[in-house]
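Q: With chain A's structure known, arrange chain B on it following the hints.
Same order as they appear, the protein sequences are chains A and B.
So for the first sequence, numbering that gives the first Met the number 0 puts the first residue at 0; every next one is plus one.
So for the second sequence, numbering that gives the first Met the number 0 puts the first residue at 0; every next one is plus one.
Calculated directly from the structure, the hints in this document are not laboratory data.
Mixed in with the good hints, there may be bad ones.
Unchecked claim - If you want a taste of the chain B side facing chain A, the calculated C-beta under 10 Å gives, among others: (1) E190; (2) L301; (3) L322; (4) P346; (5) L349; (6) L354.
To be verified - Only pairs whose alpha carbons sit at most 30 Å apart, straight line, appear in this in silico DSS-like list of lysine-lysine: (7) B/K446 / B/K306; (8) B/K306 / B/K172; (9) B/K306 / B/K280; (10) A/K413 / A/K306; (11) B/K306 / A/K413; (12) B/K306 / A/K306; (13) A/K306 / A/K172; (14) B/K258 / A/K280; (15) B/K288 / B/K258.
As the list claims (entries may be wrong) - Just so you have them, the derived chain A footprint on chain B, three or more residues with Cβ under 8 Å: (16) 195–201; (17) 447–457.
We put the CB at the ideal spot given by N, CA and C, even for glycine.
2 protein chains.
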Amino acid sequence: MSANGQKGTQTETQGSASARAGGRRQIMRSHARAIFQAGLAAVNPETCIRRVLRLEGVRLLAGDQAVALPQAGRVLVIGGGKASALMARAVEGLLGARIAGGVVVVKYGHGVALKRVQIREAAHPVPDDAGRGGAAAIFDLARQAGAEDLILCLISGGGSALLPLPVEGIDLKDKQAATGLLLASGATIHEINTIRKHLSRIKGGGLARAAAPARVVALILSDVVGDDLDVIASGPTVADPTTFGDGLRILSRCGLLEKVPPAVRRHFERGAAGEAAETPKPGDPLFDKVRNVLVGGNRDALLAAAKQARALGYNTVVLSSMLEGEAREAGRFISRVAAEARRSGNPVPLPACILCGGETTVTLRGGGRGGRNTELALAAALDIAGEDGILVLSAGTDGSDGPTDAAGAFADWKTLARARAAGLDAARFLEENDSYRFFDRLGDLLKTGPTRTNVMDLQIVLAVP
Amino acid sequence: MSANGQKGTQTETQGSASARAGGRRQIMRSHARAIFQAGLAAVNPETCIRRVLRLEGVRLLAGDQAVALPQAGRVLVIGGGKASALMARAVEGLLGARIAGGVVVVKYGHGVALKRVQIREAAHPVPDDAGRGGAAAIFDLARQAGAEDLILCLISGGGSALLPLPVEGIDLKDKQAATGLLLASGATIHEINTIRKHLSRIKGGGLARAAAPARVVALILSDVVGDDLDVIASGPTVADPTTFGDGLRILSRCGLLEKVPPAVRRHFERGAAGEAAETPKPGDPLFDKVRNVLVGGNRDALLAAAKQARALGYNTVVLSSMLEGEAREAGRFISRVAAEARRSGNPVPLPACILCGGETTVTLRGGGRGGRNTELALAAALDIAGEDGILVLSAGTDGSDGPTDAAGAFADWKTLARARAAGLDAARFLEENDSYRFFDRLGDLLKTGPTRTNVMDLQIVLAVP
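If we strip away everything but chain A, and leave its shape as in the complex, we get (with noise of 0.2 Å):
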């Protein structure tokens, strides 16, 4: 059944018409699980590799890159992070015997069988020894590569945790509680960033020195807003422009200076005075054998979202795969497009769908349990009441909500009433970030299990005459 073909007939009863609400919002709810999946399909992580990679003779193309194959040495695959299991699948579906070997990282439960690439699990978000050994086995494949070798590098999220491998001097524990400091002064993500980068031997384009003088090719499939490669699993294979004096000028700012360990503090005082190693910066010859090329993100889950939404009947616009900021105040804003679309048929008109994502933050104001995308759906579900024929969809990618087992909600101009019947307070909930209990309630998750992908969040808004 199309979006459209739906509109009631003059002549029903009130009985019908509610029944007729009730089909149409199930007709709407699969469209939106429709349209959602059609944006997973697309970032799977093999057909994300299938349709960068490509053999060519003696060539290897990725993307608009082309490298030789090694004549007389070897290909290695290493790498790390939620989606790399089968980013190595799809290699070594097309490389095959070609592959001397490798070793990738990710997260338990996460693993797959493969014949050439040791597939290692770990601990995420918190890292562990496993991916400390992990990381050290993938950095001494590196070093030990030669000029005539090729390197897969397979970079995906959380890659940061499951590749942790300090600097001389420095453990593990020392590196976490410098990042748990910034985390709670309030420092931002690239701040962070410049301070785990000259903590770790693989981060900031650590990797990428280890391995020369091999010639890199590294994939990554990203799930940060904006696609920045220095950021996504902390750029093992790009080069940092950020410095040690940067990093000692961030912790002063956020007043850490004497709060983190003795041995961070002094690791970047040492650096900043040149007797520690700076990353390597843009512009270092070491990355002239180096390309890195992005195999996916959230845009291309939107665009193939949006291609099944047209599929499906509906007028379809994407407004941004770069979303950031407050979950509720997302969930409003996208809500009041729907609702425009249904009174002026702007931005598109109905049968209208509104395609979102990126990754959106809650401030804990109460206990409750739920993730910014339950929490998005919440705040929609409060905003769209009475808004006849629209649905909302907020769900992750990588099939987990925040610290929940569904990778989001469903919410639409019923779910308000059909809360109070339940005897829900719908703006409670809301105050106490306890979305996740809501929905729940209300029979009103979408539950994907592990997608083994991740390219943050995706807002599917669905508004019919």
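A: What follows is chain B alone, placed relative to chain A:
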């Protein structure tokens, strides 16, 4: 100059590139101003009245409503609101000597000299005796009108404060105290209106009841999100579905039963016991002789702005005329839509114009000076820093943003760098809600003076190659 044709050549020097960026910024700013002015022109109160109201022989056409001009009776003109003086001038221009008389109350400084309709000025937003006197005069005119008479009622934003006429036994101070307590307790606007309508002889359909048995055509310029007729100026000519019982429940829920002036509580208790007159309800036959006609609102301004933007060569999309929520979050959201346009041509390809309207709010954190529009623009400035070719103008259509003398402000990709060069810390100004001073120091405020209309705010976002 159109929005295209501003792309630089490869051969230009740094210096001329910088001059070009300055030139491009100035051109974009003049485009944004022209788009805003086109929006304003469409909601000029005289334009709105002329668009909707026409004479056809002995019939007066108001939108899709037609009423016969009185043969024996009089045409009277009453009303109130910030835009009502110019509405009255347009009505005089159309009906001239057929108008027997009338009284319209506007804000101090907003009056115009008319021949048939007396324009009175009064205080806004805190009512004064002049408003009370004007309201009484209007109420008496309506009460004295007979079945042969036709009353044209000109309602616009601010009419609620400009036409204060409390019910018997309540004085203006009691009413204001109750409203103030409700505002402070976090009551919704619908809850506050429920109380206000039951404390007034004019609001909540009171003026229509006073006018019966005369015929009433109310011409309404909307200053509220969603254009709900019963909300604009508290709906003097619109049926009120709320009851004294609702009011008591609201006072109780907000913990105000003991705190409001005793006369207010007594009035609601008497009303709930059937001892005071309810507001007229939907279905009341008195409304058979009342026609409420929306003559304009935020959407009209947006659509006219969109037309102007297209004429300037921009691919244009209207996101919503119903924007609410936290100003800074809205500023961030629309910035992210513009950033997406730069990267992927969604929701519209460059050169792009993205339009929004509505009324956001500012949660006060600091003690600075600013309105919702300058706050939104400041948040946008922080978000689009370095996003080459993006400009955001947010401004109030009444020409006054909160408690300031500016309508709003311009932010663009250079704003943050220019602020830094001037020693201004933009993030700090935002923290302090000091957005007016920030843009004042940079010379980036938009000042229009009073526009004599009010359909809330417009956001105009431009993105060029």
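Q: Give a verdict on every hint.
A: Evaluation of the provided hints:
1. E190: violated (13 Å)
2. L301: holds (8 Å)
3. L322: holds (6 Å)
4. P346: holds (5 Å)
5. L349: Nearest chain A Cβ about 15 Å off; hint violated.
6. L354: This interface hint holds because 9 Å falls under the 10 Å limit.
7. B/K446 / B/K306: Satisfied, since the Cα-Cα distance of roughly 23 Å is no more than 30 Å.
8. B/K306 / B/K172: violated (46 Å)
9. B/K306 / B/K280: violated (40 Å)
10. A/K413 / A/K306: It holds: about 27 Å lies between the C-alpha atoms, which stays within 30 Å.
11. B/K306 / A/K413: violated (36 Å)
12. B/K306 / A/K306: holds (28 Å)
13. A/K306 / A/K172: violated (46 Å)
14. B/K258 / A/K280: Distance ~66 Å between B/K258 and A/K280 Cα, so the pair is violated.
15. B/K288 / B/K258: Violated, at roughly 40 Å.
16. 195–201: With 0 residues closer than 8 Å to chain A, the stretch 195–201 of chain B misses the three-residue bar; violated.
17. 447–457: n = 0 at 8 Å, threshold three: violated.
Comparing the model with each earlier hint shows violations of hints 1, 5, 8, 9, 11, 13, 14, 15, 16 and 17; every other hint is respected.
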